[in-house]
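Build out the structure end to end from the sequences listed, making use of the hints.
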Amino acid sequence: MRIFKLVRTKVSSYIPLIKSMQTSLLLSTGLAGFMSAHKHLELNLLVGLAGSLFLAISGSTILNMWYDCDIDTVMNRTHNRPLAKGSVTKQEALWLGVILSVAGVSWAFAINTLYGLVVFAGLFFDVIVYTIWLKRRTSWSIVWGGISGGMPILAGRVLAMSQIDLVGLLLMMAVLFWIPTHILTFNMRYFTDYQAARVPTFPSAYGFEATRAIIALSAIIAAASIGVAGVMIGVQAGALRLMAVLSSGLLLLSFATVFRPSEQVNFSLFKYASIYMLASMILLSL
Amino acid sequence: MKVTPLDRILLLLTCLLAAYQVMVGIDGLENVPTIAYTIAFGVLLVAGLLIIILGFEVLNSRILVMVATIIPLSLSLGLIWEHLALLRIPYLIFAIGAYLTVIITRSITIPVKLSTFILAIVHGVAGLVVFLLPSLLTAQGSANPGFALVGLGGALIGLGGLLLYFLRTGRPIVSKETIMRILPALLFLMTLAFVTGFSLA
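Protein chains in written order, with our numbering: chain A, 5 to 290; chain B, 1132 to 1332.
Hints listed in this document are in silico derivations from the structure and should not be mistaken for laboratory results.
The beta-carbon is built from N, C-alpha and C at its ideal position, and this holds for glycine as well.
Please note: incorrect hints may appear among the correct ones.
As the list claims (entries may be wrong) - Below, a list of computed lysine-lysine pairs in the DSBU-like style, where the Cα atoms sit at most 30 Å apart:
hint	chain 1	residue 1	chain 2	residue 2
1	A	Lys23	B	Lys1133
2	B	Lys1133	A	Lys275
3	A	Lys275	A	Lys89
4	A	Lys9	A	Lys89
5	A	Lys9	A	Lys94
6	B	Lys1307	B	Lys1133
7	A	Lys94	A	Lys14
8	A	Lys23	A	Lys94
9	B	Lys1307	A	Lys275
Claimed, not checked - So the derived list for chain A, only partly shown, Cβ under 7 Å to chain B, looks like this:
hint	residue
10	Lys43
11	Val249
12	Gly253
13	Ser272
Encoded structure:
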């Protein structure tokens, strides 16, 4: 009974390490990439995809949090995270991150080599290139963060098609260009936090006005990529209409950040972008 | 005024109904009504999402009037195109012209009475079409009785529009708190009436 309680306490302290909302959103893109092939659903493949992606994404998220622990301690927004406040030790987090990552990537390779390579690339770009190498050096690190964010959807598509095709790359591009609408609005909202932690961001390097323009441009490219991918996949007319409506909302809010900037518009774009991505993923899967 | 959990549920249901209508409810129609209904329910969907995200503060936005005009104008255009073939082109011209006039009069400095008069005319005509056309078609027996629900939706959208309009002009018919309290339910019932009415047509 005591062991059960101990395990439960440990697990509940580990859960915040995987940023469940972010992991769920990335996992949903992977599932959407897989379903976008509209092939006969093989349950074992679907379970393998969901399991391996969940482990790999969770592992890389924990490794990010392990490496960025010093940043999280400084930032107001993140100083309550388990590692920053000391409820989980750095060594524990490192081990957990490594175990989950290795388990996820190994499972992915066991299912399909090409799929495994894409999952590994996502983890490599996220942990090594983005977090360890570039995040503290340049605001452009977001591009690599974006590429790694686009890997789950590409991985899902690759698993279904057994090859890297144009639709998969378009879907990855959609996520890559969706990420600035999400992250850059976040960078502006918590500008002082990032300044205090000395993390270079677009707002600190190029100013708010240029950042807003980049957000608007990214939103256009993301919406266009999803739209073109939707047409190429052969999504039903109704789903395409709905995607057009949701894309219009994203574009309107992006333009509002350029022409009528305010904290309120910024925040609504940040939230709307997540809903938009989730809805688009569901529609691509239908 | 804060958006309560019940408000969020009602707004979410409104969004889902609007999404359903865009995706499934207007399949098989001609191009113009398809576009018109997509715009009307699309605006409703995005507006619902923005109220959920930002709260009722979004209703203070200056562009509210321009956005709110789109819904009845697009709905009425779709209805006219489907059921009154003779008036298709004249009404299309009216809808485009009316919307441009509303945008212009809201963007430049002109006497408030004039811009209000124009808005009243546009909303009045579009609202009457959405309310009366389904009701008349149903009464004549040329449409399924369920189609009358679209007219009920028209009446509800008119009521909501009036409440918000008088609130914006600073002469609310009922208090702001009351309007905000009933708005999510009103939006939900209106969308439900439209979606049910169209599906029964």
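Enumerated hints in conflict with the structure, sorted upward: 10
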